[in-house]
Each structure stands twice: as C-alpha cells, then as structure tokens.
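Chain F with the ligands: place on chain U using the hints.
So the protein lines, in turn, are chains U and F. Taking the UniProt record's numbering, I'd label the letters of the first sequence as residues 1 to 541. Taking the UniProt record's numbering, I'd label the letters of the second sequence as residues 1 to 200.
Everything labelled a hint here was simulated from the structure, so no lab data went into it. All of these numbers come straight from a predicted model, not from anything done at the bench. Ideal Cβ placement from N, Cα and C applies to all residues, glycine included. Hints should not be assumed to be uniformly reliable.
To be verified - Partial chain F-side listing against chain U, Cβ under 8 angstroms, derived:
(1) Glu-22
(2) Thr-31
(3) Phe-32
(4) Thr-39
(5) Gly-42
(6) Thr-49
(7) Leu-127
(8) Thr-128
(9) Ser-134
(10) Ala-138
(11) Thr-140
Said to hold, decoys possible - Partial list, derived from the structure: chain F residues whose beta carbon lies under 10 angstroms from chain U:
(12) Phe-24
(13) Gly-28
(14) Gly-37
(15) Phe-121
(16) Phe-125
(17) Leu-131
(18) Thr-135
(19) Phe-142
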Amino acid sequence: MTISIDPQKTNNESLQPKGWLRYFSFSLDHKVIGIQYLVCGFLFYLIGGTLASAIRIELASPMSDFMPRDVYNQVLTLHGTIMIFLWIVPVVNGAFGNYLIPFYVGARDMAFPRLNAVAFWLIPPSGLMLVASYFVDGAAQAGWTAYPPLSITTPQSGQIIWILSVLLLGGSSIFGGINFIATIIKLRRPGLKLMKLPMYCWAMLGTSLLVVLSTPVLAGTLILLSFDIIANTGFFNPVLGGNVVVYQHLFWFYSHPAVYIMVLPAFGLVSEILPVHARKPLFGYTTMVFSIMGIVVLGLVVWAHHMFTSGTPPWMRLFFTIATAFIAVPTGIKFFNWVATLWGGKISINSAMLFSCGFIINFVFGGITGVALAQVPFDIHVHDTYFVVAHFHYIVYGGTVFIIFSSIYHWFPKVTGKMLKEKLGILHFIITFIGFNLCFAPQHWLGLNGMPRRVAEYDPQFQFVNQISSLGALLMAMSTIPFLINVYLSVRNGKDAGDNPWNALTPEWLTSSPPPVENWEGEAPLVEEPYGYGKEITEGK
Amino acid sequence: MTTLDSSKEIQKNNSEANETHEDFRMFGLITFLIADGMTFAGFFAAYLTYKAVNPLPDGAIYELELPIPTLNTILLLISSATFHKAGKALLKDKNSESQKWLFFTAFLGIIFLICQLFEYFHLPFGLTDNLFASTFYALTGFHGLHVTLGTLMILIIAWQSRIKGGRLTSQNMFPLEAVELYWHFVDGIWVILFIILYLL
Ligand code: HEM
Ligand SMILES: [Cu+2]
Numbered sequence: 001m002t003i004s005i006d007p008q009k010t011n012n013e014s015l016q017p018k019g020w021l022r023y024f025s026f027s028l029d030h031k032v033i034g035i036q037y038l039v040c041g042f043l044f045y046l047i048g049g050t051l052a053s054a055i056r057i058e059l060a061s062p063m064s065d066f067m068p069r070d071v072y073n074q075v076l077t078l079h080g081t082i083m084i085f086l087w088i089v090p091v092v093n094g095a096f097g098n099y100l101i102p103f104y105v106g107a108r109d110m111a112f113p114r115l116n117a118v119a120f121w122l123i124p125p126s127g128l129m130l131v132a133s134y135f136v137d138g139a140a141q142a143g144w145t146a147y148p149p150l151s152i153t154t155p156q157s158g159q160i161i162w163i164l165s166v167l168l169l170g171g172s173s174i175f176g177g178i179n180f181i182a183t184i185i186k187l188r189r190p191g192l193k194l195m196k197l198p199m200y201c202w203a204m205l206g207t208s209l210l211v212v213l214s215t216p217v218l219a220g221t222l223i224l225l226s227f228d229i230i231a232n233t234g235f236f237n238p239v240l241g242g243n244v245v246v247y248q249h250l251f252w253f254y255s256h257p258a259v260y261i262m263v264l265p266a267f268g269l270v271s272e273i274l275p276v277h278a279r280k281p282l283f284g285y286t287t288m289v290f291s292i293m294g295i296v297v298l299g300l301v302v303w304a305h306h307m308f309t310s311g312t313p314p315w316m317r318l319f320f321t322i323a324t325a326f327i328a329v330p331t332g333i334k335f336f337n338w339v340a341t342l343w344g345g346k347i348s349i350n351s352a353m354l355f356s357c358g359f360i361i362n363f364v365f366g367g368i369t370g371v372a373l374a375q376v377p378f379d380i381h382v383h384d385t386y387f388v389v390a391h392f393h394y395i396v397y398g399g400t401v402f403i404i405f406s407s408i409y410h411w412f413p414k415v416t417g418k419m420l421k422e423k424l425g426i427l428h429f430i431i432t433f434i435g436f437n438l439c440f441a442p443q444h445w446l447g448l449n450g451m452p453r454r455v456a457e458y459d460p461q462f463q464f465v466n467q468i469s470s471l472g473a474l475l476m477a478m479s480t481i482p483f484l485i486n487v488y489l490s491v492r493n494g495k496d497a498g499d500n501p502w503n504a505l506t507p508e509w510l511t512s513s514p515p516p517v518e519n520w521e522g523e524a525p526l527v528e529e530p531y532g533y534g535k536e537i538t539e540g541k
Numbered sequence: 001m002t003t004l005d006s007s008k009e010i011q012k013n014n015s016e017a018n019e020t021h022e023d024f025r026m027f028g029l030i031t032f033l034i035a036d037g038m039t040f041a042g043f044f045a046a047y048l049t050y051k052a053v054n055p056l057p058d059g060a061i062y063e064l065e066l067p068i069p070t071l072n073t074i075l076l077l078i079s080s081a082t083f084h085k086a087g088k089a090l091l092k093d094k095n096s097e098s099q100k101w102l103f104f105t106a107f108l109g110i111i112f113l114i115c116q117l118f119e120y121f122h123l124p125f126g127l128t129d130n131l132f133a134s135t136f137y138a139l140t141g142f143h144g145l146h147v148t149l150g151t152l153m154i155l156i157i158a159w160q161s162r163i164k165g166g167r168l169t170s171q172n173m174f175p176l177e178a179v180e181l182y183w184h185f186v187d188g189i190w191v192i193l194f195i196i197l198y199l200l
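For reference, chain F alone in the conformation it holds in the complex:
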C-alpha cells in the first residue's frame, strides 16, 4: 500500500489503519490438513474394524498385487524430493529451474494417477463386489482425489512462476510452500494407506 503513494501523510494514515502481523496463512493450512487427516483417520478406522470384525467368506478374499502400488509409493516419495528441490531453487531466485522441478513433480503425480487407474482396471473386483472391495476403492479413490487436486495446484503455481514479475518469487514463497506442505501430507497419507491396505 505504501508503494502506491510515498507521501509522508498517507504513509502515516496507513500505518495507523493497517495492522501488520506475522503471516499465519501457513498456520491455517496446517489446521486444515489436521482436519483433512481426520477424514482419512475415520476411513482407516472403518477399514480396520471391518477387517477385524467382518471377516469375509473364503472365496471373497483377494490378494492384492504389490508391484504397482510399490512403484506408486516410490513415485510419490521421489516427487516429494523434487518438490523440495523446486523450493530450494526458487529461494535462490532460479525461477526457471524451480519451474522445471515443479513440472517434473506434477509429471510424477500424473504417472501415479495413471498407474492407479491401470491398477483399477486390472483388479478382479469392482466397487460393489463386497465390503473389502468397497473400502478399498473408497480409500484409494479418496486419496487419488487428493493427488489430482495436488497435481492441479502444482501446475497452477508452475504456470504462475512463468509470468514475469508474477506472484511466485523468492519474496513470495507462500503459494509454493503451501502446495508443498499439502503434497507432503498427501504423500504421508499414501504411505500409511500403503502399509494398512497392502501390507497388513
């Protein structure tokens, strides 16, 4: 605001009317992610209860194939690292390098989703086949939705960093940091999901 008009008088008025304070948008985001995490916690709790209390009849037990989800786990872990790289680069004002890392992260996210769809099409069970199948699709699908949103957000900030004098600079890291936190969160959930759903 002060950049709009540098006359002493206006500066004084503005500083009286405006309150400067610490940036707490990140704090808000963390609170939101805790809430989001609780949604997953509810789903996990339901799944584990079903597993313990409602054993499936013999013929209805499916062995899940491990290769694709393992690959997906690795993809997501790598993408967390590449995202981190993007942040580092931006901090050093290397915008185009940062942008490359962002695109690469989004690319990994898209591969993850394609792999997941591929897995869906090759599974021997459908959504309504039995309780396990329903919970499986609900959990992985809800997570996939998060990956989709995350990928879209990465593409948006990558695009923003293209615009000269755009909103993503080393002075304004917030969009990148926010999406990065979200992405790490989604990765973390996947790891838990992978352990509970595929390994247990």
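Isolated chain U (complex conformation):
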C-alpha cells in the first residue's frame, strides 16, 4: 500500500504565520520544529548556566555561605537535570536531527510530522514545571540520578514533579527516536543507499536505537520510584525490604546509553563539519559506520561500571571493566579518522572549525579519564569525587556543547541566510576554551586528592584550586555574551550568505538559504557521495 503526503494538508502555508512568527506557532515543518528545539534548549541552557554559576560561587569558599545547604542541593539537581534533559539531549538530537535528517534522506519532511510536533511541544511545559517546582515547595534535591533512598526521604512534592517532568521528556525523546528511525530507514529517496548517507544519519540512527531501547526502562523505573514516594511501596526502600541497587541497575541501563545519546549525534555533526572546512572527504566512512554501531551495542552492556562501589560481585566488576575498556576501540577509530580527515587538508580557521577541533582535544581527554575510571581499583579511589565530575564535563561540555556551538556556526547561514561574524565567533571560542579548561582541568586534581562531589562545604585546603575553577566558570558564563551579540547583530545585518557559503557537498546546501517550506522547489537532488571533496583537491580546484 502507498500513501501520499499532501503538503497542503501537512504544512498549509496560507494558514501559517509568515517570517519569524512561525517559529512561535504550532508548525509541522521539520525546519521550524528543529529551530524551536534549538531556541527552547538554549533558553534552558541559560537557566542551567545561571544555576551553574551559583554553584561555583558557593564553592569559591569552603563554607556554605552563599546559600543554605538544601538550596544548594536543589540548585545542583536542577542544574544537572536541565543540562542533560532540556539542553543537550533535545538540542543535539531534536534540533539538528529535525533540521538536517529530512534533507539528508531527500525528503520534504519527517516521517511523522504530527508526532514530531507533539514530541517538541512536550518539552516547554515539562521544563517549566521542573523549574517552577523550585518556587512551589522546593525542587528535588536528590541529584540528577535521583538515587533512593535519598529521593524517597527528601521533601516529596519536588521529587514527584521531577519524576513527572523527566517522564514527559523521556516520552518526547522516544517519539523523536521513532520518527528518526522511520525517516532514515523508510523515507529515503529511491536510489539513496544506506551506505551513501551522510554520517550524521548513521549517528542519529544509532542514537535513536539507544533511545528506543533504553529510555522506556528509565520510564518504568521512575514509575516504580513514584509508587515508592506516593503509595509507600518498597521497591527501592530498604526499610520495606526493597533494594536500592536494583534502582541503580535500571537507572544506569538508561543513563549509560544516555551519555551516547548525548555524544553520538555530536560525533555525527563533527563528521559533517570537518570535511567541509578541511576540504577533504571524511576519512574511513565504512569504519565510521561500524564504529557507531559498535558503540551502540557496547554502550548497552557496560552500565554497571557506575556501580563498582555499590557492592557488585567480582565477576561483574571484571565483565564490566573489560566491556567498558572495549568501547575505547570504536571511539579511538573515530578519533583517528577525524584526525586523518584533517591531515593534509586545506584547513580554514573559522569558528566552526575551531569549536570542532576543541571538541576533539577535549574529548580525547575525557575519554582517557573514562578508561581510567573503568578500572575498578582506580574507580573505588575516585568514585563520587570531583574526578568524576571533571570526567563527564570533559565529555558533555567539552564534547557535546562544543559541537553544538560548532554546528550553530556551520549551519547558521543555511537557517537564516546570513553569516555569523567570524571575529566575534573566534572570541567566543577563545573565551569558552580557556574558561572550560580552567574550570574543569583542576577538578581532576581535586578529585584525586579526595574532594567529594555534591557537597556545599569542603576542607579549606581545597580552596585555592576551587577558586581557579570558579574563575573558569565565570569565563564560561561570560563567553555567551559575544555569542548572543553575534547572533543578534548577524540576524539584523549580517553578510548575505548565499546558498552555499562553505562550498559544502551535503544536500541541504543545494537549496536556497533559508530553505523553502518543502525543502526543494522541484525534485529532491540525489547526492551520490556526501564527501566527494577529494576529487576537487586532486583536480586542483
């Protein structure tokens, strides 16, 4: 059976507001939804960033003198939850995925446009609900992991709102995942082979598989947790015979894959950006594809490396150490392929390229500390210290957030038809890079020397290093200023970008900037080789 997509029905142009207004209305256009994800995510990033600054101000001195301890816990919990569930996951999947994937498969929209809109519109209300819980009766205090029994014994209304909000966000991400899988597998233009897809499609396919397989487990877990809180059952309550370690297993069965839900799309995006700005084809396409799938499979079986200190039996420790160490193989392959893509290319030093290179550097560092953490004796020493905090910020901020900015610099001309200003962009990069490393590199030292995470007060011997870290955080906060000024100025009177300012070869650049509602005026162009740059260079162009 065949069905036909009627553009008049799905995107009735005459009914849609024109210009910027359409970004504030209910739309089924994948490009509008993508930008809605991005802007919404960025607003939450500003909230989460403000909270981060509050945390670092508190930690600039050893006593809890900036805010009371329970407020500190709420701020910490809100910060983590917002950054993960409302900034990185929606942006790196929802925003870029929605904007780019239909172009890459040669379609006029996503497979299920309505489901797509529903998935987006779940986010703002649940995010606002989460933030508002702070003002109602105090937000959740148990951290972004919501470990019981802490999450059962702390004040409950905030925790319940937290659960509800994360459930809705999980639902949004499952709907998105289903849509991406269907779009990539089923909506490809006839003749477009899977192995000819741009790398970001593969990354999103892998990510969506992880979303579909692991997010429901988190949902089930949180439903059980809410029963413990509301109905006084004892699933995770040791007093009633429950088992907290079961919660940890179920939670990390989602949350370890979740780190790949955050970082795989970034892998895909960087694989799109590097070839363009180095004028070379992506090195090792096939190995890139297989390493993504390898990461998906391995990512699903290593969760218990977060639980080495939770009383895991020795055989489990051994298995999860080895499995975790194996992830370094496909990740390493990707790293070498990126470097090989840069090697000998005509590299243009612009903001997109700088952020991508920053990503590679930071990610290697975060990856190495990850392998170190997978070793049980080392992990037992630094578990729940600032070493872990440093590790995962190197991955999620130094990795994913750097790529989010790199992608914004890369695709801004396509979305708005204007160029961003390079000088401000480079300034943005420099402040971010210095601020980031100043903030998180010293935390490795703090962790190795035993400063615990998630506490507002610490031993005075750590004060100096903490102050350096806080200084870095201040720089990071300030780095958003040139970025926001840049966006504002460029949208108002930036240089006209033209259709393809970077001479890129992926299909989104073959249409006008900004693209028309149905992506292409006529038939969709069929791009045979997304990375055919090699020819250009050999032909001496």
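Coordinates of chain F with the ligands only, in the frame set by chain U:
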C-alpha cells in the same frame, strides 16, 4: 487529492508537490512496541532480581492461585484468534461479520479485566504488604492498563466500521491491522508474565 479535482493541470502540480511512498506507519508502530516491550523488560528484570536477591521471610511467601490467570491466558489467546478472524472478514469486505468478531474480541478483553479485578479482590495481600506484593501488582496492573487501552481501541475501530463509507474498509485496513498488532503484543507479554510470575 486527485479525486478532488481531476483536471490535468492540477493533477500534474500535485504529483510534483506530493511524494508518494510506501506506508510506514506500521513500521513506526513496531518501533513503538519495541520501546513498550523494553518497559516490561525492565519490570521483569527488577522482579527476577528481587526474587533472586531479596528472599522473603518465611511467613511472607504467598502461593498464587492458578485457576483465574490460567483462564485469563486462554481468554487472551482466543481473543488473538478472533481478532485475526475480524481482519480476514474485513479483507473479504464482510464488514458486519468483521464487526461481530471485533466486538467479541473486545468482550473477551473485558472479561479478562473483570477476572483480573476479581483476582485482586480475593488475594490475601495488598499493594504495600511486601516487595513481592508490590511487584505483583505493578506488573499485572501495568499489563491490565495495556489491556484496557487495547479494548478501548478495539471498540473504537468496531464503531468506525459501522459508519457507512467509514474509515475502516478493505481498502483501509491500517487501523485494524495496527490495533491487531498491538493486541497480539499485549497477549504475548501476558504469556511471558504468566510464566514468570505464576509458574516460575
Ligand atoms: C561518551 C560520552 C560520555 C559521557 C557523556 C559520560 C558521562 C558520564 C557521567 C555523567 C558520569 C557520572 C556518573 C555519576 O553521576 O556518577 C560518568 C562516569 C563514568 N564514566 Fe563516563 N561518559 C562518557 C564516556 C565514557 C567513556 C568513553 C568511558 C570509558 C571508556 C566512561 C567511563 C565512565 C566510568 C567508569 C564512570 C564511573 C565513574 C564513577 O562513578 O566512579 N565514560 N560518565
Ligand atoms: Cu557509563
């Protein structure tokens, strides 16, 4: 769309703007059911771990009665078959026969739910009595929720097939096929649940 206006000009414009492609709604549904299955998998994993790691103190072990759940298993298996019949009938354009089978399937679903409630009221333990009791109610309750939704959807499509020229015809089987797949899925989960919870 082309049925709205058959003039050559408009037909041409439409075919340019519209893309026809294979119907992949079923594909989306299967993906969703995989996700839904993972929720159950999480619950099962939790239950089995509790069983292995947190043995209950002696007095707290309950023997579950088998008759009602066995009856329920049979009911659901039959309902899967009757649903299949409904699809076959619709394919042959026998709408009213298809509708009868649909109603019968929904009826079996309702009986299942009544039996489950009956079982709940006669069990010697309540939700918060102990870990086993909580997991028992969580698992069967979550499944019961699925049966409830499924039954409602069957009633809706049965009602749709009533309307003349309605949405459910041999040309548009999708609603029926989708709900049928969902129903088989819910049955399959029940069989696993029955084995793990009642027989193991
Ligand atoms: C791919 C991106 C990655 C992200 C986003 C990420 C994120 C995280 C996060 C958020 C934590 C903190 C868990 C907590 O709150 O306790 C963590 C811990 C950990 N990560 Fe990663 N990680 C990534 C990659 C890796 C890699 C490549 C490895 C190893 C090869 C690794 C090994 C570990 C280990 C062993 C821990 C546990 C440390 C502990 O809790 O003691 N991670 N990671
Ligand atoms: Cu992990």
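We went through each hint and held it up to the structure:
no., hint, result
1, Glu-22, "holds, 6 angstroms"
2, Thr-31, "holds, 5 angstroms"
3, Phe-32, "holds, 6 angstroms"
4, Thr-39, "holds, 4 angstroms"
5, Gly-42, "holds, 4 angstroms"
6, Thr-49, "holds, 5 angstroms"
7, Leu-127, "holds, 6 angstroms"
8, Thr-128, "holds, 5 angstroms"
9, Ser-134, "holds, 4 angstroms"
10, Ala-138, "holds, 6 angstroms"
11, Thr-140, "violated, 14 angstroms"
12, Phe-24, "holds, 4 angstroms"
13, Gly-28, "holds, 5 angstroms"
14, Gly-37, "holds, 8 angstroms"
15, Phe-121, "violated, 18 angstroms"
16, Phe-125, "violated, 12 angstroms"
17, Leu-131, "holds, 5 angstroms"
18, Thr-135, "holds, 7 angstroms"
19, Phe-142, "holds, 8 angstroms"
Of the numbered hints given earlier, the model fails hints 11, 15, 16; all others are met.
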